[in-house]
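Working from the sequences, and respecting the hints, build out all of it.
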Amino acid sequence: MAKKTVRVTQLRSAAKCLPRHKACVAGLGLRRIGHTVEVEDTPSTRGMMNKVHYLIKVEGE
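Be aware that the sequence shown starts at 23, since it is given in this note's numbering, and climbs by one per residue.
A couple of the hints might just be wrong.
Unchecked claim - Label pairs and their computed distance ranges (CB to CB):
| no. | residue 1 | residue 2 | range |
| --- | --- | --- | --- |
| 1 | Gly82 | Pro41 | 26 to 32 Å |
| 2 | Ile55 | Ala24 | 17 to 23 Å |
| 3 | Lys38 | Thr64 | 27 to 33 Å |
| 4 | Ala37 | Lys79 | 16 to 22 Å |
| 5 | Ser66 | Cys39 | 17 to 23 Å |
| 6 | Gly56 | Glu83 | 16 to 22 Å |
| 7 | Arg68 | Leu33 | 17 to 23 Å |
| 8 | Ala48 | Thr27 | 15 to 21 Å |
| 9 | Lys79 | Leu40 | 17 to 23 Å |
| 10 | Lys44 | Ala24 | 27 to 33 Å |
| 11 | Glu62 | Leu33 | 19 to 25 Å |
| 12 | Glu83 | Gly49 | 17 to 23 Å |
Note that these hints are calculated values from the structure, not bench results. Beta carbons: idealized from backbone N, C-alpha and C, even for Gly.
Structure below.
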């Protein structure tokens with residue numbers, strides 16, 4: 023059975039954010055504004071996405 027994935031796009035810079043939020047953006051695999059990655063839809067990635075919801079856009083929920 024295929025694992026469910028979601029597409030995450032970084033919309034804003036994480037430069038002036040808290041170190042924990044920068045770590046979440048890096049943990050999701052995002053590197054720059056406009057960068058899109060596909061991540062597995064797991065509770066841990068959901069937690070990271072919720073933490074930095076103001077920096078990213080999530081598609082395919």
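Verification of the hints:
At about 29 Å, the CB distance of Gly82 to Pro41 agrees with the hint of 26 to 32 Å. At roughly 30 Å, the beta-carbon separation of Ile55 and Ala24 lies outside the given 17 to 23 Å, and the hint is violated. Between Lys38 and Thr64 the C-beta distance comes to about 28 Å, which sits within the given range of 27 to 33 Å. Between Ala37 and Lys79 the beta carbons are some 18 Å apart, a value that agrees with the proposed interval 16 to 22 Å.
For the hinted restraint 17 to 23 Å between Ser66 and Cys39, the CB-CB distance of approximately 19 Å keeps it satisfied. The given range of 16 to 22 Å is respected by Gly56 and Glu83, whose C-beta atoms sit roughly 20 Å from each other. The beta-carbon spacing between Arg68 and Leu33, approximately 18 Å, falls within the hinted interval of 17 to 23 Å. Between Ala48 and Thr27 the CB atoms are about 19 Å apart, so this pair conforms to the stated range of 15 to 21 Å.
Checked against the hint of 17 to 23 Å, the pair Lys79 and Leu40 passes, with Cβ atoms roughly 20 Å apart. Roughly 31 Å separates the CB atoms of Lys44 and Ala24, a value that falls within the hinted 27 to 33 Å. Between Glu62 and Leu33 the C-beta distance comes to about 21 Å, which sits within the given range of 19 to 25 Å. About 19 Å separates the C-beta atoms of Glu83 and Gly49, a value consistent with the hinted range of 17 to 23 Å.
Going through the hint list in order, the structure does not satisfy hint 2, though it satisfies all others.
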